[in-house]
Structures are given as structure tokens and as C-alpha cells.
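Participant: Listed below are the residues making up each chain.
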Amino acid sequence: MTPEEILKGLYDQTLVGNAPAVLDLTNAGLDAGMTPETLLFDALIPSLEEVGARFERGDFFVPEMLIAGRAMAGALERLRPLLAETGVATLGTFVMGTVKGDVHDIGKNLVNIMLEGAGFHVIDLGVQVSPEKFVDAIREHKPDIVGFSAFLTTTMPMFKANINALVKAGLRDQVIVMVGGAPVTQEYADAVGADGYAADASTAVKKAKDLMQRRRVMAGT
Amino acid sequence: MHTVLRSASKTVVIGSDQPFCVIGERINPTGRRIFQDQLRAGDLSRIEVDVAEQVAGGAMVLDVNMGVPLVDEADLLARAVRLVQGMTDLPLCIDSSVVEALDAGLAAYEGKALVNSVTAEDERLQAILPLVKRYGAAVVALPNDEEEIPEDPARRLELARKVVDVATGRYGIAIEDIVIDPLAMPVGADTSLVMKTLETIALIKDELGVNMTLGASNVSFGMPQRHALGAAFLPMAMSAGLTSAIMDARTPQIVDAVKAADLLLGNDEWGASWISMFRARQGP
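Which chain is which? The protein sequence lines are A and B, in order.
Under the numbering used here, the residue at position 16 of the first sequence is numbered 45, and the numbers go up by one with no gaps.
Under the numbering used here, the residue at position 166 of the second sequence is numbered 262, and the numbers go up by one with no gaps.
Calculated from the structure, these hints are not laboratory results.
Idealized CB from N, CA, C, for every residue including glycine.
Some clues are possibly wrong.
So these bits of chain A aren't anywhere near chain B, every CB distance computed over 10 Å [unchecked claim]: (1) 33; (2) 109; (3) 121; (4) 134; (5) 200; (6) 220.
Covered by chain B, per the in silico footprint, the following chain A stretches (three or more residues, Cβ under 8 Å) [to be verified]: (7) 42 to 49; (8) 160 to 173; (9) 206 to 218.
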């Protein structure tokens with residue numbers, strides 16, 4: 030196979046969520062001397078972006094997003110150590126969790142898959158994550174972004190409590206805060222002082238990239 | 097086991113020997129941007145359309161949820177309850193995760209309401225069950241606790257049993273006024289989840305014998321042809337022992353599937369309801 034064929038194959042097979050084929054093609058690409066960066070940025074990530082775009086248009090459905098994400102994750106697992114060797118950082122680190130008082134996690138897990146697929150390193154703290162636990166995780170992992178998920182109008186106020194805890198710990202300026210969940214709105218995100226909100230998993234990825242970009246520009250790097 | 101709900105003038109009975117209780121889900125702003133904006137501006141006019149469509153579609157109870165962020169949900173829910181009761185004599189399911197809103201909604205309600213919902217979390221039990229008792233209402237109980245929303249049917253049963261024990265033992269609520277939600281999950285996220293729900297329904301029916309309701313539209317979330325999935329799921333769940341659902345009551349395909357299952361499962365004597373539904377559609 031030519032490098033072009035491998036890239037095209039990777040793109041197409043990720044799109045349909047064929048995990049074994051994606052892993053085989055990733056190995057074939059590496060054997061043929063292609064760089065991990067090429068495989069990632071010229072095939073895998075564009076493919077997952079297409080998955081997200083189709084989902085947003087209503088042409089793709091939840092299971093298709095999940096299997097594409099899983100196929101991508103398999104390839105990433107193979108590539109990650111190599112990318113680390115060559116000094117190519119991940120897109121960013123994302124600490125994610127469902128807020129205290131809330132045990133809903135289907136939406137959050139979907140967002141995690143899409144973020145990982147897009148090249149973020151995701152640290153999932155699970156459900157019922159207290160403000161203290163978020164603070165500790167941010168100290169430990171130094172993420173670029175922290176994501177708070179809530180499914181209930183009664184647990185949404187934890188966004189503000191979490192943000193207050195970050196302020197108190199002196200961490201608020203070091204991390205981008207994103208919020209989401211079924212009842213959450215942009216207005217609510219603004220009111221609690223979050224940096225970003227997205228209505229679904231694919232928009233969340235775009236928003237996360239966008240916020241990272243903006244921060245970089247502001248930092249002048 | 098009969099769960100009796102009432103408005104000022106109408107009684108609805110939930111039970112395994114009764115027609116399936118269709119609870120209309122529509123009066124709920126979650127995921128409805130325009131409706132949210134209207135409610136935030138104090139405009140409740142859209143509710144009128146939602147009531148009319150669901151009544152016409154065959155709803156027997158209406159769920160009322162006013163979960164809009166950044167509003168006084170208690171005030172809004174009380175107003176919505178009064179408004180809906182002025183438009184229809186169907187009993188209501190008062191739906192909020194905010195305790196004060198449930199209190200205000202129940203205070204505004206005339207009759208015996210269904211409260212949606214309590215969980216097996218100690219704090220929620222302590223906050224909501226006294227309200228249920230005080231207002232003489234019935235309550236939907238979700239088998240999740242502080243730790244998890246369990247997938248395992250046996251664990252769901254265990255948590256359902258905990259709610260029943262606490263509600264009857266500590267708060268003196270009649271067991272027939274507890275309606276367990278066996279938890280419907282999106283089949284698109286994991287195709288084994290609906291089987292777990294069906295197993296839970298059968299298990300709770302055998303072990304507790306209580307009435308059950310669930311959010312049927314969850315099942316089809318993120319999938320195409322949601323109506324077809326709803327129309328397939330509900331008869332399966334009814335066959336397993338589900339006696340009610342908070343569901344899309346505006347879509348004939350789904351409501352027809354429920355009515356057909358009522359007939360097929362022996363809850364529509366001589367097919368009288370099925371036939372009269374047909375005649376009504378034929379027109380005069």
C-alpha cells in the first residue's frame with residue numbers, strides 16, 4: 030500500500046468504526062515508515078472531525094459516534110508512546126467529571142470519547158466528584174481544561190461551587206472551565222462564570238479546541 | 097396493586113389489570129430552547145398547545161416539569177400546575193428535582209398528584225417523602241443512590257426495596273402509592289441496556305408487585321426513527337410488567353402501539369377501547 034492508500038484507508042475505516050482495520054492500517058503505516066503525526070493529523074483526526082460534523086447534521090447517530098471513537102482510541106493507544114517520544118504533545122489535557130450529587134454519566138462518557146478521539150488526553154474522575162476532588166486532580170494533572178457535567182437542575186449549582194473552589198485554591202486562572210449536561214444552557218454557563226459550554230459531544234470538542242486556541246493567542250505563544 | 101391519581105374531577109388508576117397509564121412527557125423545557133426563553137420571560141402560553149396535543153393524543157396523566165435554569169422554579173411550577181388544571185381534568189405528575197418546587201407544585205395542585213421523583217439517596221428520601229405524605233400524593237422512585245445508577249437488575253431491585261421500606265415503614269406511605277422507575281437507558285449508548293431494563297421490570301413485578309413507570313423516550317435517544325423504537329419498546333416493557341410510562345403521547349404510532357398491547361395483553365375487554373379509538377378516527 031502507498032502512504033496515500035494507508036491514509037485514505039485510515040480515514041474511511043475510522044469513519045465506519047472498524048477498529049481492527051484502523052489498528053492494522055496504523056501498524057502498516059508505521060511499518061512503511063510513516064510518522065505517527067502524519068497518521069494522526071492527516072487521517073485519524075480529520076476522520077473523527079467528519080464523524081462529529083455528520084452527528085451535528087443528524088446524519089450520524091450515537092452508536093456510530095461511539096464505534097468511531099473506539100476505533101480511534103485503539104489507534105491512539107498504539108501511537109501515544111511514539112508521539113511522546115517524538116515530543117509531539119497531545120492536543121491538551123482534559124480533566125472531566127460529573128459533579129457532586131449527580132450520578133449521570135452517559136453524556137459525559139460520550140464527550141470523553143470524542144475528546145480522546147480528537148487528540149485530548151482525558152482524565153475521567155467519574156461521577157459524584159466533589160469540588161475538593163476536582164481541585165486535587167487539577168493540582169496533580171495540570172490540565173488545560175476541566176469539564177463539569179450535570180444532568181439535574183439541582184446539581185447544576187455545583188458548577189459555581191466548583192469554580193469557587195478553584196478560585197479559593199488559586200487555580201482558576203490556570204485552567205479553562207467547560208460545563209455541560211442536558212438542562213445546561215449557554216446563559217447558565219455564563220452566569221456561573223464558566224469559560225465554555227456545548228450542547229453535544231461533537232460541539233464540545235470544537236469548543237475545547239477553540240478555547241485552547243484562544244488561550245494560546247492571549248498568552249502570546 | 098392500584099395506584100390512584102386524582103384531579104378535582106377525574107380519577108386515573110394505574111395497575112396491572114388496568115389499561116396502561118400514558119403520562120404525557122411534553123410539558124418540559126429540557127432541550128426546548130424557545131420554550132425555555134418563553135418560560136424565563138414568564139410566558140406560559142406554549143403550555144396550552146402542549147396540553148391540547150397530549151390530551152388529543154390519548155394522554156391519561158400529564159407530567160409538568162419547569163426545570164429552567166436561573167428561574168424561580170417553585171413559583172413557575174405552581175403557576176404551571178394551576179394553568180394546566182384550568183385547561184384539563186387529567187391528573188398531573190409534578191416533576192422537579194428541586195424540593196421547594198415540588199412543595200409549591202403540590203400546594204397548588206387540586207387532587208392527588210404523582211410526584212416525580214425521589215431516589216434511594218438518604219437525603220432525597222428525607223426531603224421528599226414527608227411532602228408526599230403531607231399532600232397525600234403518590235411518588236415515582238428511581239433506584240439510584242449516592243454512588244451510582246446501577247445497571248444490574250438485582251441492585252436496582254435492592255434500591256427499589258429500600259425506598260419502599262423507608263416510605264412505608266418510616267413515613268407511613270401506602271405501598272400502592274409508590275411507583276418504581278426501573279430506569280430506561282438509551283439503547284444507542286449500549287445495546288444491552290434495554291434488556292437490563294426489561295429484566296428489572298420483571299424482577300420488581302415478581303418481588304415487590306408495585307406499579308412501575310419510566311421515561312420511555314430515553315430508550316431512543318440519539319437514534320433515528322425514534323417513534324418506531326418507542327412503539328417496539330413499550331409493548332415489550334408492558335409484557336414484562338410495566339404499568340405506566342412517561343412518554344410521547346402526541347405520536348399516534350407510539351400511543352397506538354400501547355393501545356394495541358393493552359388489547360393483546362388482556363387489558364381491553366372485548367377490544368372496546370381499540371374499536372372505539374378506530375371509530376373516533378373514522379369521524380362521524
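Participant: Now tell me if each hint is right for this structure.
Facilitator: Hints and how they fare:
With a cut of 10 Å on Cβ distances, residue 33(A) stays outside the contact zone with chain B, its closest approach being about 34 Å. Residue 109(A), annotated as away from the interface, keeps every beta carbon of chain B farther than 10 Å; the closest lies near 25 Å. Annotated as non-interface, residue 121(A) keeps its C-beta farther than 10 Å from every C-beta of chain B; the closest such distance is 25 Å. Distance check for residue 134(A) against chain B: the nearest CB is about 8 Å away, which does not clear 10 Å, and the non-interface claim fails.
Every Cβ of chain B is farther than 10 Å from the Cβ of residue 200(A); the closest lies at roughly 25 Å, confirming the non-interface assignment. A cut-off of 10 Å between C-beta atoms contradicts the statement that residue 220(A) is not in contact with chain B; the least separation is 6 Å. With 0 residues having a Cβ less than 8 Å from any Cβ of chain B, the segment 42 to 49 of chain A misses the three-residue criterion, and the hint is violated. Under the rule that three or more residues need a Cβ within less than 8 Å of chain B, the assignment of the segment 160 to 173 of chain A is violated, with 0 such residues.
With a threshold of 8 Å between beta carbons, the proposed coverage of the segment 206 to 218 of chain A by chain B holds, since 6 of its residues qualify and at least three are required.
When each numbered hint is compared with the structure, violations occur for hints 4, 6, 7, 8.
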